[in-house]
Structure formats: structure tokens, C-alpha cells
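J.: This is what each chain is made of:
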Amino acid sequence: MRHIISVLLENEAGALSRVAGLFSARGYNIESLTVAPTDDPTLSRMTLVTIGSEEIIEQIKKQLNKLIDTVKLLDLTEGRHIEREMMLIKVRAAKEDREELKRLTEIFRAKIIDVTATSFVIELTGTSQKIDAFIQAVPEGLIVEVVRSGPIGIARGEKGLTL
Amino acid sequence: MRLSFITRGSAPFLVLDQTGRNPVAFPPFQPVLNGRPDPHACVGGRRGPCLGRRDRWRSPELELSGAEIIVQALIDEGVEYVFGYPGGAVLHTYDALFKQDKVKHILVRHEQAATHGADGYARATGRCGVALVTSGPGATNAITGIATAYMDSIPMVILSGQVPTPVIGSDAFQEVDTVGISRPCVKHNFLVRDVHDLALTIRKAFYIATSGRPGPVLVDIPKDVTDPNIKIPYHYPKEIKLRSYNPATKGHPGQIRKAVDVLLQAKRPVIYTGGGVILGEAAKALRELVDLLGYPITSTLMGLGAFPMTDPRFLGMLGMHGTYEANMAMHETDVLIAIGARFDDRVTGKIELFCPHATIIHIDVDPSSISKNVRVDVPIVGPVGNVLADMVRLIREAKAGPDQAALQEWWRQIEAWRGRQCLAYDRNSPLIKPQFAVETLYQVTGGDLYLTSDVGQHQMFAAQFYPFDEPRRWINSGGLGTMGFGLPAAMGVQLAFPEASVACISGEASILMCIQELATCKQYDLPVKIILLNNGYMGMVRQWQEFFYESRYAHSYVDALPDFVKLTESFGHVGMRVDQPGDLEGAMREAFAMKDRLVFLDIVVDPAENVYPMIEAGKGHHEMHLSPERELA
Ligand SMILES: Cc1cc2nc3c(=O)[nH]c(=O)nc-3n(C[C@H](O)[C@H](O)[C@H](O)COP(=O)(O)OP(=O)(O)OC[C@H]3O[C@@H](n4cnc5c(N)ncnc54)[C@H](O)[C@@H]3O)c2cc1C
Ligand SMILES: Cc1ncc(C[n+]2csc(CCOP(=O)(O)OP(=O)(O)O)c2C)c(N)n1
Ligand SMILES: [Mg+2]
Numbered sequence: 037m038r039h040i041i042s043v044l045l046e047n048e049a050g051a052l053s054r055v056a057g058l059f060s061a062r063g064y065n066i067e068s069l070t071v072a073p074t075d076d077p078t079l080s081r082m083t084l085v086t087i088g089s090e091e092i093i094e095q096i097k098k099q100l101n102k103l104i105d106t107v108k109l110l111d112l113t114e115g116r117h118i119e120r121e122m123m124l125i126k127v128r129a130a131k132e133d134r135e136e137l138k139r140l141t142e143i144f145r146a147k148i149i150d151v152t153a154t155s156f157v158i159e160l161t162g163t164s165q166k167i168d169a170f171i172q173a174v175p176e177g178l179i180v181e182v183v184r185s186g187p188i189g190i191a192r193g194e195k196g197l198t199l
Numbered sequence: 102m103r104l105s106f107i108t109r110g111s112a113p114f115l116v117l118d119q120t121g122r123n124p125v126a127f128p129p130f131q132p133v134l135n136g137r138p139d140p141h142a143c144v145g146g147r148r149g150p151c152l153g154r155r156d157r158w159r160s161p162e163l164e165l166s167g168a169e170i171i172v173q174a175l176i177d178e179g180v181e182y183v184f185g186y187p188g189g190a191v192l193h194t195y196d197a198l199f200k201q202d203k204v205k206h207i208l209v210r211h212e213q214a215a216t217h218g219a220d221g222y223a224r225a226t227g228r229c230g231v232a233l234v235t236s237g238p239g240a241t242n243a244i245t246g247i248a249t250a251y252m253d254s255i256p257m258v259i260l261s262g263q264v265p266t267p268v269i270g271s272d273a274f275q276e277v278d279t280v281g282i283s284r285p286c287v288k289h290n291f292l293v294r295d296v297h298d299l300a301l302t303i304r305k306a307f308y309i310a311t312s313g314r315p316g317p318v319l320v321d322i323p324k325d326v327t328d329p330n331i332k333i334p335y336h337y338p339k340e341i342k343l344r345s346y347n348p349a350t351k352g353h354p355g356q357i358r359k360a361v362d363v364l365l366q367a368k369r370p371v372i373y374t375g376g377g378v379i380l381g382e383a384a385k386a387l388r389e390l391v392d393l394l395g396y397p398i399t400s401t402l403m404g405l406g407a408f409p410m411t412d413p414r415f416l417g418m419l420g421m422h423g424t425y426e427a428n429m430a431m432h433e434t435d436v437l438i439a440i441g442a443r444f445d446d447r448v449t450g451k452i453e454l455f456c457p458h459a460t461i462i463h464i465d466v467d468p469s470s471i472s473k474n475v476r477v478d479v480p481i482v483g484p485v486g487n488v489l490a491d492m493v494r495l496i497r498e499a500k501a502g503p504d505q506a507a508l509q510e511w512w513r514q515i516e517a518w519r520g521r522q523c524l525a526y527d528r529n530s531p532l533i534k535p536q537f538a539v540e541t542l543y544q545v546t547g548g549d550l551y552l553t554s555d556v557g558q559h560q561m562f563a564a565q566f567y568p569f570d571e572p573r574r575w576i577n578s579g580g581l582g583t584m585g586f587g588l589p590a591a592m593g594v595q596l597a598f599p600e601a602s603v604a605c606i607s608g609e610a611s612i613l614m615c616i617q618e619l620a621t622c623k624q625y626d627l628p629v630k631i632i633l634l635n636n637g638y639m640g641m642v643r644q645w646q647e648f649f650y651e652s653r654y655a656h657s658y659v660d661a662l663p664d665f666v667k668l669t670e671s672f673g674h675v676g677m678r679v680d681q682p683g684d685l686e687g688a689m690r691e692a693f694a695m696k697d698r699l700v701f702l703d704i705v706v707d708p709a710e711n712v713y714p715m716i717e718a719g720k721g722h723h724e725m726h727l728s729p730e731r732e733l734a
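As given, the protein sequences belong to chains A and B, one line each in that order.
Using this note's numbering, the first residue of the first sequence is number 37, and each one after it goes up by one.
Using this note's numbering, the first residue of the second sequence is number 102, and each one after it goes up by one.
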């Protein structure tokens with residue numbers, strides 16, 4: 037199953053490579069990984085998307101927790117949560133395709149953020165499925181480039197993943 | 102900047118200025134250069150105004166350079182011995198070591214031996230081993246020993262020199278990414294970029310290495326951080342807490358109660374113990390548990406000695422080369438309690454066939470050991486000593502004890518298995534059998550011995566035929582299986598216990614992997630006894646080739662062996678060679694009588710002997726091979 041795991045890490049040099057090293061050394065699957073400092077500059081928050089059997093996911097969580105730099109860990113998939121990913125997509129936008137692309141942008145509540153005579157850059161935020169769906173919907177052959185941030189997530193409700 | 106230091110908890114050392122708004126340091130910060138205040142306040146290689154942590158405002162009690170801080174920190178940790186080898190990046194540190202005599206430095210002849218020496222010291226004493234190596238090749242040479250300690254969860258701190266901070270990343274002379282290379286085989290590691298972080302980092306390293314599930318921690322220290330000209334106030338914290346690291350100190354009471362219930366209802370129980378009992382200093386608690394319950398007990402290679410091996414309740418080692426009775430009991434048990442053991446594949450064999458009838462209880466301080474390889478029914482995360490003490494208390498309080506009738510029946514079955522005498526060997530052989538050599542070693546030493554081992558058949562024969570009755574007496578590399586471990590580890594043990602008998606059992610292939618340490622033994626007068634079971638083969642490899650490759654002995658014949666007697670003599674020690682069974686005991690007695698000499702006993706043994714019983718990799722516990730003449734029905 038697909039799991040989204042949030043980790044609060046000490047904002048130390050090398051913390052990220054410990055996580056990456058753990059996944060490659062133990063042969064765990066890693067779909068995406070995003071990381072940035074939090075409001076507390078001594079902490080980074082990492083969101084990890086991984087796929088595996090329940091046993092493997094359990095080991096992944098234990099192994100992540102075991103890293104000395106890991107302060108806290110939460111498997112968002114275990115509770116109600118919100119997930120967002122951002123995409124920047126560059127498409128060929130010749131005259132005859134422009135209307136269709138604009139319509140798509142509107143339907144998905146995306147934004148066109150760069151325009152030239154022959155191209156658009158479109159920004160879209162949503163769940164990973166929504167982003168997949170957008171990519172699917174772009175007519176054959178128009179995609180020039182896709183950049184995805186990988187999902188980030190947060191639990192619903194008042195509780196926070198903090199110290 | 103300033104404000105962020107207030108929030109970091111340095112407030113007691115900051116006061117407000119006359120305007121009442123700006124915090125200033127009190128007493129005023131005075132960096133020192135060559136004993137005089139340094140106007141440039143350049144600390145840790147950075148220029149500019151230097152604001153820092155509280156120690157910079159401290160009244161100058163003790164001002165030390167980075168190199169001196171390292172040495173003073175080791176003294177404050179109570180470190181007796183540092184095993185090391187010098188080089189450019191650690192010269193400042195060596196100079197600081199030179200100027201004191203509290204911490205003794207042991208000069209090895211290869212950095213691998215520095216880590217194995219520290220490791221042997223740690224395994225024998227339970228204290229943290231310490232190694233010191235230079236950057237680049239010094240660090241890479243140390244890796245094998247670090248990985249060895251990591252796999253067996255041995256507490257060790259490795260201090261490695263690094264090129265100066267300004268040139269890190271420029272492929273400088275003897276630069277290697279030590280933190281990167283060691284990362285997969287350390288519990289944690291640090292790169293210290295600022296001398297102000299040095300003392301605290303070393304404190305953290307010792308704390309992490311020795312707490313929870315122990316393991317090696319490496320501290321990489323660039324040369325400029327040890328600069329003798331930059332002195333700062335020294336403060337070494339006694340207590341330390343890390344918000345991101347909180348090893349379990351107690352087991353969950355509910356889980357412990359549940360485990361006791363399951364245990365007391367068992368009809369065919371087995372206690373399976375491992376290295377964790379020794380690491381957690383829980384041998385006494387374990388003995389109490391077994392005395393209370395009267396259950397059969399077996400141990401992994403790493404746990405031997407935690408429970409007396411001469412006790413009739415001990416079934417011998419389990420696993421690939423374990424006894425018939427231990428493995429059969431595992432196969433038939435209905436309640437298995439694993440204590441400080443990690444279900445290694447050499448122990449479980451094929452997972453699907455592992456303990457097919459058992460409810461499994463597992464005590465381990467590391468949550469990631471639990472249900473990693475084998476699904477566990479009653480997990481207990483906690484240090485084995487405390488958890489066992491809680492269990493013993495609950496069992497004493499319980500209304501009913503174990504089911505004695507069932508237990509009697511179970512013991513009857515076990516004795517029947519034991520009756521097969523799975524370890525029997527040919528005692529009339531004209532050749533010295535390796536098993537006979539180990540038995541003779543036991544006779545001669547009366548069990549009062551620290552025995553280190555290399556890796557191979559000799560290691561297995563020692564585990565099977567030398568019954569250890571105390572923990573920390575059997576010292577070997579189990580997880581990594583590092584040939585070359587035995588001799589340097591024995592040096593560490595002998596240094597820790599100068600009066601004790603220390604021997605290293607080895608093979609003619611293994612011993613050559615760290616033979617240079619004979620020189621270290623000479624320099625420090627370490628009277629280690631080397632018991633070489635010389636079969637002329639990489640016996641363990643040859644055995645697999647015999648079984649699984651139709652006796653094609655590809656490169657497992659150790660040709661062109663040295664004359665070990667002459668070799669030993671050339672290092673200034675005593676060498677002896679024995680090839681007749683009748684001469685062995687006398688030779689061993691002679692060797693151990695030379696209390697202050699290293700003696701190398703080259704024992705020519707049967708080259709064709711194999712280790713039995715054996716469970717092939719990927720087979721179940723009930724699918725053991727006994728010796729060829731006595732195959733299982
Ligand atoms: C040639 C060769 C053959 C081998 N054959 C065998 C064999 O036949 N049988 C065999 O058993 N082994 C054999 N081994 C060794 C094997 O590879 C493993 O090293 C060994 O089985 C692991 O032992 P262990 O489970 O006790 O774990 P260890 O590596 O000793 O691990 C200890 C466990 O205890 C935990 N722990 C540590 N401290 C505490 C504490 N304070 N409280 C609670 N838990 C704690 C740790 O988290 C860990 O899970 C062989 C090795 C070699 C080289
Ligand atoms: C550093 C290292 N290289 C290779 C091996 C693989 N290996 C395991 S046992 C063994 C043979 C050991 O031979 P010897 O020391 O003569 O012991 P014997 O088995 O003959 O008793 C080898 C090569 C190892 N364990 N360690
Ligand atoms: Mg050999």
C-alpha cells in the first residue's frame with residue numbers, strides 16, 4: 037500500500053543522506069521525498085511517499101525512528117489527512133491548442149503563469165491523482181516538460197506534529 | 102543573531118546593556134590566542150564577531166585547544182586505552198596525547214586492528230572502546246572494524262582525523278568522505294566543524310554509543326579544529342539529553358504481564374537468548390528466570406556464556422551449527438521467548454519453517470529488531486535486565502507455576518534428542534581432530550579463559566566444544582564474520598585484564614589477516630596464546646564446496662603457508678608446532694605456563710574435518726545433517 041510518512045528531523049548536515057541511505061541500503065521503495073526547514077529553524081520536516089507491504093512499512097517506520105536525527109514521525113495514512121502536490125507543466129501552445137489548454141486549466145483550477153507565442157507554463161496544486169489526471173488530459177504531444185514537487189501532507193484536526 | 106542565542110538557553114549569561122534593550126554577554130567574551138586575548142575572535146576557522154554558546158562567556162577556568170579538548174574529554178569519560186595509528190590529520194591530537202599520561206595509547210600496526218582492539222576491550226569489559234585514526238587511508242582501514250562492531254552492537258567511539266575545514270570537498274591530500282563512507286555501518290556519526298562543538302559532540306558520541314542498543318559512533322575531526330593555537334574554555338557536560346534520541350528504559354507492564362501468562366501456560370517452552378543479554382548485563386536476571394521456571398534454554402553464538410553452558414538446562418547453541426536438541430526443541434516448542442536475540446538467518450533457517458507451533462515472545466531494546474524477520478506475538482521493547490527483573494517478580498507473585506507434568510514430558514523428549522550425541526566425533530583418529538583440540542584447551546584452562554576467535558570452522562568448534570559459564574568470555578565476530586578479528590581483539594582483552602589468561606583461536610587463513618599485530622603484542626608485552634587450528638584449508642569454505650560444489654575446492658587451499666614458528670619467533674615471541682594428539686595437552690600446558698610470553702601454538706589438525714550438525718541455508722531446524730555416518734533417519 038502507499039503510505040505518506042511525515043518526519044521531523046534535526047536540521048543537521050547529513051540528515052537527509054541518512055534517510056536516503058537507509059532506503060537504498062535496505063532496498064525500500066521511495067516514491068518521492070520532499071524536505072525543508074520548519075518554522076523552528078532547528079527542525080526540518082520531511083514528507084516521504086513509499087509503497088510496501090504492511091510488514092515493510094512497519095520496518096521503514098521503525099528504521100526511520102531509529103535514526104538519531106529523527107525527532108518525531110507520523111504515518112499520515114493512518115488517520116484523516118490532507119495531501120497536496122504541486123506541478124509546473126510546460127506545454128506547446130500553438131494557436132489551435134490554446135483554447136483547449138485554457139479550458140483544461142480552468143476545469144482543474146490551475147493557473148497559467150507564463151505565456152509565449154508558442155508555450156504556456158501551467159501551475160497546478162492538488163492531490164497526486166488530480167495531477168496525474170491533468171497530465172492525462174493534456175492532448176497528445178503537447179507536453180514539453182513536467183516538474184512535480186512530490187506530495188506534502190498534514191493531519192486533519194487540531195493535533196500537530198510538533199515537539 | 103543575538104536573539105537566537107537567548108532562545109537557545111544562554112540567557113543566564115546574557116545581560117541587557119545600559120539602554121535596557123540589547124543583550125550583551127556577561128562576563129564579556131574573551132577568546133584567547135597563545136594565552137593572550139585574541140582581538141580577531143576567530144574561532145573554528147571563521148572570521149568575524151564571534152557570538153556563541155554559553156561556554157564562551159564562562160570565566161576562563163580551563164582553556165584548551167581542540168586537540169587538548171579531545172584528550173581531556175577522553176579522560177573525563179574515564180577512558181583507559183585508545184587504540185590508534187598516527188598521521189597528518191591527527192598530529193595535533195597525538196601531540197596532546199604525548200603531554201599527558203592518563204589515557205594510554207596503544208599503537209597498533211594497521212587501523213583495522215585499532216578498531217578490533219577497541220572492540221575486544223569493549224566486549225570483555227562492557228565499557229566503550231576507543232579508536233583514533235588519521236584521515237583518508239586511516240579511516241578506510243578502520244571501516245572493517247567499525248562494521249564488525251556495528252553488526253554485533255558493540256559500544257565504540259572512533260575519532261578520525263579529517264582535512265582542514267577550508268579544504269573539505271576539494272579532494273585534498275588524504276581526504277575521504279569518512280562520514281559518508283561510515284554512515285551505513287555506524288549507529289551515528291558527526292563531523293565537527295567548530296571547536297566549540299567538540300566537547301559536546303564527543304560527549305554525545307559516548308552517550309549514543311553506550312546507551313540503548315549499543316553501537317559504534319564515529320566523530321570526524323578536521324585538523325584545524327584541533328589547532329593548538331586556538332584555545333577555548335573547556336566544559337564537559339556530565340549529563341546529556343537528546344530530544345531526538347530516547348532509548349527505552351522500561352518494558353511495557355501490560356506486555357510483560359501478558360508474556361508471563363503465556364510463559365506459565367507453556368507445555369513445551371524454549372528460552373532463546375542472544376547477545377543482548379550480555380550487552381545488557383542481564384546474565385544474573387536470566388539465571389534467576391531459568392531457576393524459577395526450569396525451562397530449557399538455548400543461545401545464539403553471540404549469547405554464549407550468559408547462562409552457564411555446563412548447566413544441564415542448557416541445550417547448546419542453536420542455528421546452522423547448533424545442537425540437534427536445541428534445534429529440535431525450537432521446531433517443536435509451543436512457547437518461545439527470545440531474549441536479546443535478533444532472529445538472524447543463521448539461527449532461523451527458512452523463515453516459513455521456523456518454530457511452526459510457537460507463540461513467540463520477544464524482548465529487545467531496539468523496536469526495529471522486533472518482527473523484522475519473524476512475526477512476534479508478544480513484543481516487549483525494553484532493556485533486557487529491567488524487563489527480566491519485572492518478569493521474575495511477576496512469576497514469583499503468580500498463583501500457579503509452570504505445568505510440571507508437561508514440563509517433565511518435554512524434558513524427557515529433549516533428553517532423547519540429546520541422547521543422539523550430535524557432537525560426537527572420532528576420538529581414535531591418528532590425526533588431531535579440531536574438536537579434540539578445543540576440548541583439550543578447555544581441560545587445560547579449566548574454563549578460566551577469555552577466548553577470542555577468528556572466523557571459520559575453528560570458530561564453530563570453539564562455540565560447540567568450549568563451554569563458557571560466564572558472559573564476556575567468548576569474544577567473536579558473529580554478524581559480519583570478520584576474519585582477522587581474533588588477534589587484535591585479544592590484545593584489547595589482555596589490556597583490560599592483564600592478569601587473565603587470554604587466548605585467540607584461529608585458522609591459518611584468518612590469522613594472516615592481522616598477523617602484523619604480533620608486533621603490537623611485543624611492544625606492550627601482551628601474553629596472548631594463539632591456538633591455531635591449522636587444517637591447511639579455508640575449512641569453512643572447503644566444507645561448503647564439498648557439500649554444494651561437488652568438492653571443487655576453488656581457491657580454498659591455503660598454499661605457501663609461512664612457518665608459523667619462525668614467523669612468531671621473528672616477532673620476538675615463542676612458537677610451537679604440534680601434530681600428534683598425544684603431545685597436545687602437554688604443549689598447551691607449557692604454553693599457558695609461560696604467563697608473560699605470547700605463545701603461538703600451531704596445531705596441525707585433520708584437514709578433512711567438517712562442522713556438524715549443519716542446517717543448510719534455507720532449510721528448517723528439523724532438517725539437520727549430522728555427521729555423514731550418522732545421517733538423520
Ligand atoms: C561462520 C559463522 C557461522 C555462524 N553460525 C551460527 C549458528 O550456527 N548459530 C548462531 O546462533 N549464530 C551463528 N552465527 C552468528 C550469526 O551470524 C549472528 O551473528 C548471531 O546469530 C546473532 O546473534 P543474536 O541474535 O544474539 O544477536 P546480536 O547480534 O548479539 O544482537 C543482539 C540483539 O539484542 C538487542 N539488545 C542489545 N542490547 C540490549 C539490551 N540491553 N536489552 C535488550 N535487547 C538488547 C539488540 O537490539 C539485538 O537485537 C555464525 C556466524 C559465523 C561467522
Ligand atoms: C575478511 C573475510 N574474508 C572472507 C571471509 C569468508 N570466509 C569465511 S570462513 C573462511 C575460511 C577461514 O579459514 P581459516 O581461517 O583457515 O579457518 P578454518 O575454517 O579452516 O577453521 C572464509 C574465507 C570472511 N569471513 N572474512
Ligand atoms: Mg583453515
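Treat the hints with care, since some could be wrong.
Calculated pairs, DSS-like style, for lysine-lysine (alpha carbon to alpha carbon, straight line, at most 30 Å) [unchecked claim]:
| id | chain 1 | residue 1 | chain 2 | residue 2 |
| --- | --- | --- | --- | --- |
| 1 | A | Lys108 | B | Lys385 |
| 2 | B | Lys500 | A | Lys98 |
| 3 | A | Lys147 | A | Lys131 |
| 4 | B | Lys696 | A | Lys102 |
| 5 | A | Lys97 | B | Lys385 |
| 6 | A | Lys102 | B | Lys305 |
Taking CB as the label site, the calculated pair distances span [what the hints assert, rightly or not]:
| id | chain 1 | residue 1 | chain 2 | residue 2 | range |
| --- | --- | --- | --- | --- | --- |
| 7 | A | Asp76 | B | Arg388 | 53 to 59 Å |
| 8 | B | Arg344 | A | Ile66 | 22 to 28 Å |
| 9 | B | Asp446 | A | Asn101 | 19 to 25 Å |
| 10 | A | Val183 | B | Arg344 | 33 to 39 Å |
| 11 | A | Val183 | B | Phe199 | 35 to 41 Å |
| 12 | B | Pro457 | A | Thr70 | 41 to 47 Å |
| 13 | A | Pro73 | B | Asp446 | 58 to 64 Å |
| 14 | A | Ala173 | B | Pro457 | 51 to 57 Å |
| 15 | B | Ser652 | A | Thr113 | 33 to 39 Å |
| 16 | B | Glu717 | A | Glu67 | 52 to 58 Å |
To give an idea of the chain A side of the interface with chain B (calculated C-beta under 8 Å), a few residues [unchecked claim]:
| id | residue |
| --- | --- |
| 17 | Arg38 |
| 18 | Ser42 |
| 19 | Glu46 |
| 20 | Ala61 |
| 21 | Lys98 |
| 22 | Thr106 |
| 23 | Ile149 |
| 24 | Pro175 |
Keep in mind that the hints were calculated from the coordinates and are not lab data.
For each residue, glycine too, the CB sits at the ideal point set by N, CA and C.
J.: Look at each hint and say if it fits the structure.
T.: Now for the hints, and whether the structure bears them out:
1. A/Lys108 / B/Lys385: 35 Å, violated
2. B/Lys500 / A/Lys98: Violated. Lysine 500 of chain B to lysine 98 of chain A sits at ~37 Å, over the 30 Å cutoff.
3. A/Lys147 / A/Lys131: 18 Å, holds
4. B/Lys696 / A/Lys102: At roughly 46 Å apart (the allowed maximum being 30 Å), lysine 102 of chain A and lysine 696 of chain B break the hint.
5. A/Lys97 / B/Lys385: 34 Å, violated
6. A/Lys102 / B/Lys305: Within the cut-off at roughly 16 Å; holds.
7. A/Asp76 / B/Arg388: 53 to 59 Å: Violated - the Cβ-Cβ distance for aspartate 76 of chain A and arginine 388 of chain B, about 48 Å, lies outside 53 to 59 Å.
8. B/Arg344 / A/Ile66: 22 to 28 Å: 26 Å, holds
9. B/Asp446 / A/Asn101: 19 to 25 Å: Cβ of aspartate 446 of chain B to Cβ of asparagine 101 of chain A: about 24 Å, so the range 19 to 25 Å holds.
10. A/Val183 / B/Arg344: 33 to 39 Å: Holds: the Cβ-Cβ distance is about 35 Å, inside 33 to 39 Å.
11. A/Val183 / B/Phe199: 35 to 41 Å: 57 Å, violated
12. B/Pro457 / A/Thr70: 41 to 47 Å: Distance hint for proline 457 of chain B, threonine 70 of chain A holds at roughly 44 Å.
13. A/Pro73 / B/Asp446: 58 to 64 Å: 41 Å, violated
14. A/Ala173 / B/Pro457: 51 to 57 Å: Distance hint for alanine 173 of chain A, proline 457 of chain B holds at roughly 53 Å.
15. B/Ser652 / A/Thr113: 33 to 39 Å: 54 Å, violated
16. B/Glu717 / A/Glu67: 52 to 58 Å: 38 Å, violated
17. Arg38: 21 Å, violated
18. Ser42: 15 Å, violated
19. Glu46: 5 Å, holds
20. Ala61: 5 Å, holds
21. Lys98: Holds - the Cβ of lysine 98 of chain A comes within 8 Å of chain B, reaching about 4 Å at its closest.
22. Thr106: With a minimum Cβ separation of about 6 Å from chain B (threshold 8 Å), the hint on threonine 106 of chain A holds.
23. Ile149: 35 Å, violated
24. Pro175: This interface hint is violated because 46 Å lies over the 8 Å limit.
When each numbered hint is compared with the structure, violations occur for hints 1, 2, 4, 5, 7, 11, 13, 15, 16, 17, 18, 23 and 24.
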